[in-house]
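Let chain A serve as the given structure and place chain B on it in line with the hints.
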Amino acid sequence: MKAVGVLIAVALALALQTTLAQLLVGGTAAIDLVLVAVVSVALTTGPVSGMLAGSVAGLIQDSLSTGVLGIGGLAKSVIGFVAGAISQQFILTSALPRFLMFVGATVAHAALFMGLNVLLGLRTFPAPWTAVASQAVGNAVVGMVAFAIMEALPGVIERRRAGRRPRG
Amino acid sequence: MGVIVGHILLISAQVNTRRGVPVLEEFTFGTFAEVQRGATSAIATIRDNWVNYVALQDVRAENAKLKEELGSMQIGLQQERALAQQSRSLQGLLELKSSVQLKTTAAAVIAGGASPEFRTMTIDKGTGDGLGSDMAVLAPAGIVGRIIMPSRRAAKVQLLIDRDAAAGAIVERSRAQGVVVGTGTDRFRLDHVPGAADIQVGDRVVTSGIEGIYPKGFVIGQIESVDRQSGEFTNVVVRPAVEFSELETVLVVLTPSAGEAQ
Numbered sequence: 005m006k007a008v009g010v011l012i013a014v015a016l017a018l019a020l021q022t023t024l025a026q027l028l029v030g031g032t033a034a035i036d037l038v039l040v041a042v043v044s045v046a047l048t049t050g051p052v053s054g055m056l057a058g059s060v061a062g063l064i065q066d067s068l069s070t071g072v073l074g075i076g077g078l079a080k081s082v083i084g085f086v087a088g089a090i091s092q093q094f095i096l097t098s099a100l101p102r103f104l105m106f107v108g109a110t111v112a113h114a115a116l117f118m119g120l121n122v123l124l125g126l127r128t129f130p131a132p133w134t135a136v137a138s139q140a141v142g143n144a145v146v147g148m149v150a151f152a153i154m155e156a157l158p159g160v161i162e163r164r165r166a167g168r169r170p171r172g
Numbered sequence: 606m607g608v609i610v611g612h613i614l615l616i617s618a619q620v621n622t623r624r625g626v627p628v629l630e631e632f633t634f635g636t637f638a639e640v641q642r643g644a645t646s647a648i649a650t651i652r653d654n655w656v657n658y659v660a661l662q663d664v665r666a667e668n669a670k671l672k673e674e675l676g677s678m679q680i681g682l683q684q685e686r687a688l689a690q691q692s693r694s695l696q697g698l699l700e701l702k703s704s705v706q707l708k709t710t711a712a713a714v715i716a717g718g719a720s721p722e723f724r725t726m727t728i729d730k731g732t733g734d735g736l737g738s739d740m741a742v743l744a745p746a747g748i749v750g751r752i753i754m755p756s757r758r759a760a761k762v763q764l765l766i767d768r769d770a771a772a773g774a775i776v777e778r779s780r781a782q783g784v785v786v787g788t789g790t791d792r793f794r795l796d797h798v799p800g801a802a803d804i805q806v807g808d809r810v811v812t813s814g815i816e817g818i819y820p821k822g823f824v825i826g827q828i829e830s831v832d833r834q835s836g837e838f839t840n841v842v843v844r845p846a847v848e849f850s851e852l853e854t855v856l857v858v859l860t861p862s863a864g865e866a867q
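Chains as they are written, first to last, in our numbering: chain A, 5 to 172; chain B, 606 to 867.
Just so you know, these hints were derived from the structure itself, not from any lab.
Every residue gets a Cβ at the ideal spot worked out from N, C-alpha and C, and that includes glycine.
Mixed in with the good hints, there may be bad ones.
What the hints assert, rightly or not - Examples of chain A residues toward chain B, derived with CB under 8 angstroms: (1) A19; (2) Q21; (3) T23; (4) D36; (5) T70; (6) G71; (7) S98; (8) R102; (9) L123.
Isolated chain A, as found in the complex (with noise of 0.2 angstroms):
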């Protein structure tokens, strides 16, 4: 059940960054949906999960882009296990520690990704701080509302179904 839950989650990221993505920010793709979602499932169910997101949803972004299939893959891998792990060792219930999670997943997902491309000589990236910081900034607002969304959801639910009950 979790795992069909955690591929639902990567599947709808892979969707919304590839249709909504696009219109959201001039077609510069300044967020990376597809890693909040990994992010937000190592946060919510630790880190093997966190892990398999991040190598399925990575494998797939890998793709359907032009790079290498498998350096996405291991980059979110890593990085799921990663906040996986740190969410079992530290409290991340409050905005502030969950907004630098994402931003520092962020940076070491794109540390890692431009890493092993430079590394295997099959991509330069000339100063990308800037592009860096927008995205991690990004990811870190889109990953807090989505946050606030799924922390929501249950109590509406419930509180429907409540005021449906026949009372007396």
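Using the frame of chain A, we list chain B on its own:
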């Protein structure tokens, strides 16, 4: 079970199809293209309803304005036709070969890139419609990119702004040659320009066709800034003619197959 699946994935990643594309990559792309098609269709329906409703408020005034614009454009078109006729006559006089008429097919954009690090998009036509790898993709404003992976009903297009993309280019005014390369942002860089070349801000850059993918003479963009140090060009920035974030329909140049070309 996980180990078996992992092995299958790894093996299939190494094995290529007859078109030279890894099985896993083609399978994932083909499958997800259908998801993208459905998602785009749903979003387009919502967007169309909204846009049509809002547009109706000013439609009368807009209609009158458009009629006026159409009139002036028709006059402009006639002038262009006259010029084209004159040009054809001159070409005939000079015994030049007439340019080959490009055979194209229109395709709709059904999705953007899956990863922000790569600038790609998915179109709704594939090998079933005669599309193949390395076919040029154009928009009315200029060059968009090339097809890098066609599946049966969809194709992945690498945009010219992608870091891995490049095209042979000529500065239209001075005929200086160079290579336009993508930077992963919304600007190109013009590389390999000889130090003696005459390049100015505002010059139009067109394709040279030297790489054999893009047809010659199509607009790439305009020179935005030129940096020179000790007589050499260090950074020439080109603003794309195409607004990549607003692409909805594109034209794919159906290049003749090897047999057909002979």
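Just to be careful: measuring from the Cβ of S98 (chain A) to every Cβ in chain B, is the smallest value less than 8 angstroms?
28 angstroms, violated
Go through the hint on T70 (chain A) and say holds or violated, using the shortest Cβ distance to chain B against 8 angstroms.
5 angstroms, holds
Was the hint right that Q21 (chain A) lines chain B, CB cutoff 8 angstroms?
6 angstroms, holds
Would the hint on G71 (chain A) be counted as holding, given a Cβ-Cβ threshold of 8 angstroms to chain B?
6 angstroms, holds
If you take the shortest Cβ to Cβ gap from R102 (chain A) to chain B, is it below 8 angstroms?
21 angstroms, violated
Please check whether L123 (chain A) passes as an interface residue: C-beta within 8 angstroms of a C-beta belonging to chain B.
15 angstroms, violated
Does D36 (chain A) hold up as a contact with chain B if the rule is Cβ-Cβ below 8 angstroms?
5 angstroms, holds
T23 (chain A) as an interface hint toward chain B, with CB separation required under 8 angstroms
Nearest chain B Cβ about 5 angstroms off; hint holds.
Using the nearest Cβ pair, does A19 (chain A) come within less than 8 angstroms of chain B?
5 angstroms, holds
Hint violations for this structure: numbers 7, 8, 9, all remaining hints satisfied.
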